[in-house]
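Trainee: Here is what each chain is made of, one letter per residue.
Number of protein chains: 2
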Amino acid sequence: MSEKVVKIGLIGFGTVGGGVCGLIEKQEELLKQRSGVTFEVVKVAMRDLSKKRDLELDPEKLTTDWQDVVNHSEVEVVVELIGGTTVAFDVVATALKLGKPVVTGNKALLAERGKEIFALSKQYDAPVYFEAAVAGGIPIIKSLKEAFVSNSLVNLAGIINGTCNYILERMTEAGLSYDAALKEAMELGYAEADPTLDINGWDAGHKAILLGAVGYGFLPSHKEVYVTGIESVKLEDIKLADSLGYSIKLVSVVKPSSEGVIEIRTQPSLIPKSHLLAKVDGVFNAVSLSGDAVGNSFFYGRGAGAGPTATAVVADLVDAALGSKAFLPYDESSYSVAPIEQTETAYFIRLDVKDEPGVMAKITSILGDKGISFSGTHSSVDPNAPDAEMKDVSFITHKAPFGKLQDALLALESLDCITAKPTVYRVESFS
Amino acid sequence: MSEKVVKIGLIGFGTVGGGVCGLIEKQEELLKQRSGVTFEVVKVAMRDLSKKRDLELDPEKLTTDWQDVVNHSEVEVVVELIGGTTVAFDVVATALKLGKPVVTGNKALLAERGKEIFALSKQYDAPVYFEAAVAGGIPIIKSLKEAFVSNSLVNLAGIINGTCNYILERMTEAGLSYDAALKEAMELGYAEADPTLDINGWDAGHKAILLGAVGYGFLPSHKEVYVTGIESVKLEDIKLADSLGYSIKLVSVVKPSSEGVIEIRTQPSLIPKSHLLAKVDGVFNAVSLSGDAVGNSFFYGRGAGAGPTATAVVADLVDAALGSKAFLPYDESSYSVAPIEQTETAYFIRLDVKDEPGVMAKITSILGDKGISFSGTHSSVDPNAPDAEMKDVSFITHKAPFGKLQDALLALESLDCITAKPTVYRVESFS
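Residue numbers (this note's numbering), protein chains in the order written: chain A, 34 to 464; chain B, 34 to 464.
Hints listed in this document are in silico derivations from the structure and should not be mistaken for laboratory results. It is possible that part of the hints are untrue.
As the list claims (entries may be wrong) - In silico lysine-lysine, DSS-like type, Cα no more than 25 angstroms apart, as pairs:
| no. | chain 1 | residue 1 | chain 2 | residue 2 |
| --- | --- | --- | --- | --- |
| 1 | B | Lys358 | A | Lys65 |
| 2 | A | Lys37 | A | Lys424 |
| 3 | A | Lys358 | B | Lys40 |
| 4 | B | Lys358 | B | Lys395 |
| 5 | A | Lys312 | B | Lys395 |
| 6 | B | Lys306 | A | Lys312 |
| 7 | A | Lys358 | B | Lys155 |
| 8 | A | Lys267 | A | Lys65 |
| 9 | B | Lys358 | A | Lys155 |
| 10 | A | Lys37 | B | Lys155 |
| 11 | A | Lys403 | A | Lys358 |
| 12 | B | Lys424 | B | Lys288 |
| 13 | A | Lys40 | A | Lys65 |
| 14 | A | Lys65 | B | Lys256 |
| 15 | A | Lys312 | A | Lys155 |
| 16 | A | Lys306 | B | Lys312 |
| 17 | A | Lys59 | B | Lys424 |
| 18 | B | Lys312 | B | Lys256 |
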């Protein structure tokens, strides 16, 4: 087999950067055997040269200026691992303009500034590889673009934020409150010091944009996709969902809503407990998808951490070294993002009510007027009230457009007997 | 993007061959957009030209002689879909000697004659792609060789024969006998007219050899791997396993047994019901694996059928067209197959016994002598016997080498109070 040495430069030397250097060092022989490629790290940019690190690098190779790496005459492939959308953009754009392939795990950058980046990639014929940007331990980008190259994507649903999945699981399994579960995740290092992008859903939202891009060939605008986080998920909803046969998971859905219109949304949803997605525990990620020829498919693995993410980065490095085809948008004109009002699912609704005559009649009459139908209701009783007073009422609707549902909720909110803002979750189906 | 037309020749035009032609026709535009490649089928060999087919092909392109296809001056890539290990070998060998890349779904051919084929592949620098040979709807070959290129394989366990999984599931869920479940599978088209290779375990056994090859870089001999089928799985064992928290599945295991020694075995085993593998229903396939950097990973999808298999073949065709690296053994000298006697698991043992004084003492004394320890026993009572007579006794042992277990079973068989050949299943663990 032909063997070659490929010289790489790293921007960012945190957990993942250290993992990448460690992995290519540890597996030098295996990488050479399997791919014929040996990697040599020639320059690494990091914020703080004085910081102690597990892995020792030749001080000659270190710099605090990313330009020293990208512009280094020997650097053939640039690995961007600093995150963010400003400096990281400059890093990637500069590398591409020099015709250097880029490997990145930066979902925010590609989701928010993908149009500019892929335009540069095309113009300068310099590929961008980003397996590490979505569920590092799951080869979902490669599978969509290569293994399922001949398949139209029928639907995709993923659990692609491990922090949220951990928090929701701890609420479900241990009965922790949201705040307690978040605190635990932070103490265990499963959530960042600032977990905002995880819990507000946008980390998963960015990944969903990339899955939409690779699945359909267009670049969804991050201003058009729908994202809701897990901050307002309540323990009582998790328990109620459980009693009805569902788990609540932060799910990202990507699928055609109508001809040329793709639904891309991320939110806590009810998942039937019998579905494999409901069995994804802790910080693991999973993607369930269906292709028109391959049928149903399911991938499961770690989404974050040095090992899984470095695995994805090194796979991309080998692809870059061998000149494998990278993703480029190929069908910008055929697709748009579905307005969220038009997307249809069933819904779980819980209403806090005053126990007075005619409550159910008022609620069902409004829902009927707005065209929201359902079968069966469930009501809880307030244990502190004197006469077993009804506390709330909940039900699962039939499928309806989200716009119609919102109208109905507005009308319900105006009722005197509804004492708080209605709680709503989508109920996902997989048929 | 550079675009090119690649001319292909097909040997075999059954379900899969028809599926491949249909898929590249239907998705011509998508394939061009995603990969830059358009395929043209220039010659197809089939057994019977007069047979009616769903897909109409230009009669000029048809032949009954595979040599017309392989030697055709315009055919750039040869797709072998006839199965078997004799004519198929000639087809593949002839193509490779002409320097033509080969795409095949033939697990028996590669498992039994892989050494010859990969030697030719290397000698003539002509790649062999075989994603379709193992779980068509699951990109496990590509994932092992590319996505996890930097990972040492820590362990792998797969359900890779849909027919057996269907039969065992129907026995479990519907309480069918083995014979009734097999009959049903045949009527539904889930089992071949001659299902021998499915139910005797060798279809999965061949696939396990290929997973071992891609996972460790050597070619395990089919004479050295251990294979047991599902013919002797009894409904009562499934029920007993279920009551103990296990499902019985035909599982193929590939993992290091000791330094340089790889355990490759296929047999009906007990799987903890909490594991994702236990949740694989019907004709689906799944592979659970662990890499030293990526951690635990799980893939699930259809294993057979026109759509899933054609998806794998067309992915390989694109890889062939783009010159992507195919598998070649890279580490023949470092590995050997573990003798089955040395492989260790826990075991489920059920013994039919005569209810007489001292039975348990005799059994436990033999097991103790042979170094097989266990905690807890379970015994059933014969409902037809007059005095609630003990009918059988079963237990789950601690981990022990299979050789030691066989010794113990031989000694047990010689006891008068044991009335039938002991029933034994491995109990797989995933820690």
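Trainee: Take the hints in turn and mark each one as holding or not.
Mentor: Right, here's what the structure says about each hint:
For the proposed pair Lys358/B and Lys65/A, the alpha carbon gap of about 13 angstroms is at most 25 angstroms, so the pair holds. A hinted pair counts as satisfied when its Cα atoms are at most 25 angstroms apart, and Lys37/A with Lys424/A does not qualify at roughly 70 angstroms. Our distance criterion of 25 angstroms between C-alpha atoms is met by Lys358/A and Lys40/B, whose separation comes to about 20 angstroms. Our distance criterion of 25 angstroms between C-alpha atoms is broken by Lys358/B and Lys395/B, whose separation comes to about 59 angstroms.
Of the supplied pair hints, the one linking Lys312/A and Lys395/B is violated, its CA atoms being roughly 44 angstroms apart against a limit of 25 angstroms. Distance check on the hinted pair: Lys306/B and Lys312/A sit about 12 angstroms apart at the alpha-carbon level, within 25 angstroms; holds. Distance check on the hinted pair: Lys358/A and Lys155/B sit about 24 angstroms apart at the alpha-carbon level, within 25 angstroms; holds. The straight-line distance between the Cα atoms of Lys267/A and Lys65/A is roughly 51 angstroms, outside the 25 angstroms bound, and the hint therefore fails.
Among the hinted pairs, Lys358/B with Lys155/A is consistent with the structure: their alpha-carbon atoms are about 24 angstroms apart, no more than 25 angstroms. Our distance criterion of 25 angstroms between C-alpha atoms is met by Lys37/A and Lys155/B, whose separation comes to about 18 angstroms. A threshold of 25 angstroms between alpha carbons decides the hint, and for Lys403/A with Lys358/A the separation of about 50 angstroms lies outside it, so the pair is violated. For the hint linking Lys424/B to Lys288/B, the alpha-carbon distance of about 37 angstroms lies beyond 25 angstroms, and the restraint is violated.
About 14 angstroms separates the Cα atoms of Lys40/A and Lys65/A, which keeps this hinted pair within 25 angstroms; it holds. Straight-line distance between C-alpha atoms of Lys65/A and Lys256/B comes to about 30 angstroms, which puts the hinted pair past the 25 angstroms bound. Distance restraint check for Lys312/A and Lys155/A: the Cα-Cα separation of roughly 40 angstroms exceeds the 25 angstroms cut-off, and the hinted pair is therefore not satisfied. The straight-line distance between the Cα atoms of Lys306/A and Lys312/B is roughly 12 angstroms, inside the 25 angstroms bound, and the hint therefore holds.
Pair hint Lys59/A plus Lys424/B does not hold up; C-alpha atoms about 56 angstroms apart against a cutoff of 25 angstroms. With a C-alpha separation of about 31 angstroms, the suggested pair Lys312/B and Lys256/B falls outside the 25 angstroms cut-off, and the hint is violated.
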